[in-house]
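Protein chains: 2
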Amino acid sequence: MRILIACLLFIASSASAQTLPSWNEGAAKSAITGFVKAVTTKGSKEFVRPADRIAVFDNDGTLWAEQPLYFQFIFMLEQVKASGAPVPDMHDQKAVLGAMGKATSGMTVAEYDRKIRDWLAKSRHPKFKRPYTDLTYQPMKELLAYLRANGFKTFIVSGGSVEFMRPWAEKAYGIPPEQVIGSQQEVKFETKDGKPVLTRGPSFAFIDDGPGKPVGIYRHIGKRPIAAFGNSDGDLQMLQVTAAGEGRRFALLVHHDDAEREFAYDRQSHIGKLDKAWDEAKAKGWIVVSMKSDWKKVFSFEK
Amino acid sequence: MRILIACLLFIASSASAQTLPSWNEGAAKSAITGFVKAVTTKGSKEFVRPADRIAVFDNDGTLWAEQPLYFQFIFMLEQVKASGAPVPDMHDQKAVLGAMGKATSGMTVAEYDRKIRDWLAKSRHPKFKRPYTDLTYQPMKELLAYLRANGFKTFIVSGGSVEFMRPWAEKAYGIPPEQVIGSQQEVKFETKDGKPVLTRGPSFAFIDDGPGKPVGIYRHIGKRPIAAFGNSDGDLQMLQVTAAGEGRRFALLVHHDDAEREFAYDRQSHIGKLDKAWDEAKAKGWIVVSMKSDWKKVFSFEK
Chain A
1 MRILIACLLF
11 IASSASAQTL
21 PSWNEGAAKS
31 AITGFVKAVT
41 TKGSKEFVRP
51 ADRIAVFDND
61 GTLWAEQPLY
71 FQFIFMLEQV
81 KASGAPVPDM
91 HDQKAVLGAM
101 GKATSGMTVA
111 EYDRKIRDWL
121 AKSRHPKFKR
131 PYTDLTYQPM
141 KELLAYLRAN
151 GFKTFIVSGG
161 SVEFMRPWAE
171 KAYGIPPEQV
181 IGSQQEVKFE
191 TKDGKPVLTR
201 GPSFAFIDDG
211 PGKPVGIYRH
221 IGKRPIAAFG
231 NSDGDLQMLQ
241 VTAAGEGRRF
251 ALLVHHDDAE
261 REFAYDRQSH
271 IGKLDKAWDE
281 AKAKGWIVVS
291 MKSDWKKVFS
301 FEK
Chain B
1 MRILIACLLF
11 IASSASAQTL
21 PSWNEGAAKS
31 AITGFVKAVT
41 TKGSKEFVRP
51 ADRIAVFDND
61 GTLWAEQPLY
71 FQFIFMLEQV
81 KASGAPVPDM
91 HDQKAVLGAM
101 GKATSGMTVA
111 EYDRKIRDWL
121 AKSRHPKFKR
131 PYTDLTYQPM
141 KELLAYLRAN
151 GFKTFIVSGG
161 SVEFMRPWAE
171 KAYGIPPEQV
181 IGSQQEVKFE
191 TKDGKPVLTR
201 GPSFAFIDDG
211 PGKPVGIYRH
221 IGKRPIAAFG
231 NSDGDLQMLQ
241 VTAAGEGRRF
251 ALLVHHDDAE
261 REFAYDRQSH
271 IGKLDKAWDE
281 AKAKGWIVVS
291 MKSDWKKVFS
301 FEK
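Just so you know, the sequences run in chain order A and B. No gaps in the numbering here: position 151 of the first sequence is 151 in the numbering used here, and each next residue is one more. No gaps in the numbering here: position 298 of the second sequence is 298 in the numbering used here, and each next residue is one more.
Please keep in mind that the hints were generated in silico from the structure rather than gathered at the bench. Check before you lean on any hint, since a few could be wrong.
The list cannot tell twin chains apart, which means a pair is met if one copy fits it or any two copies do.
Straight-line distance between alpha carbons at most 16 Å, and here's what the computed EDC-like set of lysine to aspartate or glutamate pairs gives [said to hold, decoys possible]: (1) 115 x 190; (2) 153 x 275; (3) 81 x 260; (4) 195 x 246; (5) 122 x 266; (6) 282 x 118; (7) 195 x 280; (8) 223 x 111; (9) 45 x 246; (10) 171 x 52; (11) 29 x 113.
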C-alpha cells in the first residue's frame with residue numbers, strides 16, 4: 001500500500017510539472033491553472049459541472065497563424081483565379097467571400113472537400129516553407145488538451161468556413177468536426193444521377209465573425225461558454241458574452257508580439273486587428289498572452 | 001480467478017437479456033442489435049471507428065408524441081394569442097411559423113427560454129393529462145442509451161426549434177443541447193443596459209425539415225451519419241443521405257399504428273404524414289417499426 005501511495009504521489013507531482021509545458025511560468029499560466037482549479041474543485045462555490053464546462057476558441061491567430069493573409073483566403077484566391085473571375089482586393093473580406101462563393105458554387109460538398117484536402121497537402125507557407133497545418137500553436141494545443149483532461153468540451157468558433165477546418169482540426173487540435181463552428185456557405189439538397197447530394201450555392205448563409213460569433217455559439221451549442229480564447233476584435237463579442245455569464249468566467253487574448261518566431265501586429269493590422277478588444281481586456285482584467293514572453297515555443301517544429 | 005470469470009459471464013448474460021427491454025423480440029430488434037454488432041466488432045469489415053458512429057433522430061413522432069398537433073405548435077398558438085395577433089391555420093406550417101416569429105420577436109433568448117420552461121412545467125396533454133415531457137417513448141430512450149453504450153454519439157435533428165427541445169432533451173434523452181439540431185429563428189447580438197444579449201428577430205433563419213435536415217446535419221455535424229431514425233416524410237431526405245453512405249448503414253421509421261396506447265396515423269395525416277418515406281422504406285429494405293407489435297410499452301408511465 002505504501003508503494004502504491006508513493007507511486008500515485010510521484011505520478012501526481014510529475015503531472016503537475018508537465019502542465020502546459022510550453023508555457024513559461026507567469027501570470028498567464030497561473031491564471032489558466034487557477035481558473036481550472038476553481039471550476040473543477042468539488043465543493044468549491046465556483047465549481048461547474050462537467051456538462052457546462054464549455055470552452056470556445058477562435059482559430060485564425062488564436063490556434064494557428066493568420067499572416068500574411070488568412071490561409072483560407074490564400075486558398076480562395078487560387079479558386080477564384082482557376083474559375084477565371086476577376087481577383088478581388090484580398091483585404092476586402094466581403095469582396096473575397098462574394099468572389100469565392102461564386103467560384104465554388106455548383107460543386108457538391110464532397111468535391112469541395114477534396115479540393116481543400118488537396119490544397120492543404122501540396123501548399124507551403126511563404127515564410128515558414130511548411131504545410132499550413134504545421135503552423136498550429138504548440139502552447140494552445142497543450143491548453144486544449146489540458147482543458148479536456150479537466151472535463152471541458154472544446155469548440156472552435158471561427159470566422160473561417162467550417163469546410164476549411166474540419167478536415168484537419170481533429171488531428172491537429174483533438175476537436176471533432178461536430179465541435180467546429182464557422183461561417184456557412186449555402187448548401188442545397190439535390191438528387192444527382194439518382195443519388196442524394198449536397199450542392200454549394202453562391203452566397204453565404206452565415207458569417208461567424210464579430211457579433212456573429214455569439215449567435216453561432218447560441219445556435220450550435222445552446223449554452224453560454226465559461227471560457228473564451230481569441231486574438232482580435234473579431235472575437236470581442238464572443239469574449240463579452242462569455243465573461244458576462246454568472247459565476248467564474250475566463251477570457252483570454254493572444255497578442256502577436258513575436259516578429260522573430262512568428263509575426264508582430266495588433267492595432268494597425270488589416271488581418272487580425274487587435275484594438276478595441278485589447279482596450280476592453282485591459283479594462284476588464286482579461287488575460288492578454290504575450291507570445292514572446294509567455295510561450296517557450298510557438299510551433300512544435302521549433303528546436 | 002474462476003469466481004471472477006463466473007461473475008463476468010453472469011454480468012454479460014444478464015446484460016444481453018436486458019438489451020432494449022421494452023422491445024419485443026422480432027425483426028426490428030434483431031436488425032438493430034445486428035447492425036450495432038457489425039459496426040462495433042473489431043476486425044469486422046463493417047467496423048466503424050467510434051468517432052464516426054453518428055446516429056441522428058427526428059424528435060416529433062420519433063422520440064416523443066406529436067398528436068393532436070406538434071407540441072411546439074400548441075405552445076406557439078398560446079404565444080400568438082397572448083400577443084393579440086390573429087391566429088393562423090394550425091395545419092399551415094408556414095403561417096404558424098410566420099405568426100410565431102412575430103409574436104416572440106424582440107425578446108431576449110433568456111426571456112424566451114423562461115417562457116418555454118414555464119409552459120412545459122404547467123401544461124398538460126389533452127389525451128394523457130400529463131406533462132408533455134412525459135410523452136417520450138420508452139423504447140426509443142432505451143435505443144439511445146444502447147447506441148451510446150456502444151460508442152455512438154446521438155443527435156436530435158428536428159423540424160422543431162432548438163429552443164423548444166434543449167431545456168429538457170438532456171434529462172429525457174441524455175442528449176446535451178450541443179447535440180440538438182433544429183429550426184433556427186433569427187437571433188441578433190445587442191448591448192442592452194450595458195450588457196451583451198441575444199435578441200430574437202421576426203423570421204426564421206433555417207428550417208430543419210425535409211431537404212433541410214441533411215443540410216442541418218452537414219452544417220452542424222460535418223459527417224454523414226451511419227444511422228438515422230424518423231417517422232414521417234419530413235425525415236425522408238435525412239434517411240436517404242444516411243443510407244447512401246459507404247459501408248454498413250441503418251435507416252428506421254417508426255409507424256404509428258397503436259390507437260389504443262398512443263395514436264394511429266400515416267398516409268393521410270396532416271401531422272407526421274408517412275407516405276413517400278414508407279414506400280421508399282419498403283423498396284430499400286429500411287426497418288419499419290410497428291409501435292403496436294414491436295414495443296412492449298410506449299411510455300414509461302404505462303404499467
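These are the hints, each one checked on the structure:
Taking the closest pair of Cα atoms, residue 115 and residue 190 never come within 16 Å of each other, the shortest separation being 20 Å inside a single copy and 38 Å across copies. Proximity of residue 153 to residue 275 under the C-alpha cut-off of 16 Å is found in neither arrangement, the shortest distances being 29 Å within a copy and 40 Å between copies. Neither within a single protomer nor between protomers do residue 81 and residue 260 lie at most 16 Å apart by alpha-carbon distance, with minima of 32 Å and 64 Å respectively. Proximity of residue 195 and residue 246 under a CA criterion of 16 Å is satisfied inter-copy only: 12 Å between copies versus 49 Å inside one chain copy.
Taking identical chains as interchangeable, the C-alpha atoms of residue 122 and residue 266 are never at most 16 Å apart, the minima being 30 Å within one chain and 53 Å between chains. Proximity of residue 282 to residue 118 under the C-alpha cut-off of 16 Å is found in neither arrangement, the shortest distances being 42 Å within a copy and 40 Å between copies. For the identical chains of this complex, residue 195 and residue 280 are inter-copy neighbours only, at 14 Å across copies versus 51 Å inside a copy, given an alpha-carbon limit of 16 Å. For a Cα distance limit of 16 Å, the shortest separation of residue 223 from residue 111 across copies, 14 Å, qualifies, whereas the shortest one inside one copy, 33 Å, does not.
In this homomeric assembly, residue 45 and residue 246 come within 16 Å of each other (Cα to Cα) only inside a single copy, at 12 Å, whereas the closest approach across copies is 50 Å. Proximity of residue 171 to residue 52 under the C-alpha cut-off of 16 Å is restricted to the inter-copy arrangement: shortest distance 14 Å between copies versus 24 Å within a copy. When the C-alpha separation of residue 29 and residue 113 is checked against a cutoff of 16 Å, the pair qualifies neither within a copy, at 37 Å, nor between copies, at 36 Å.
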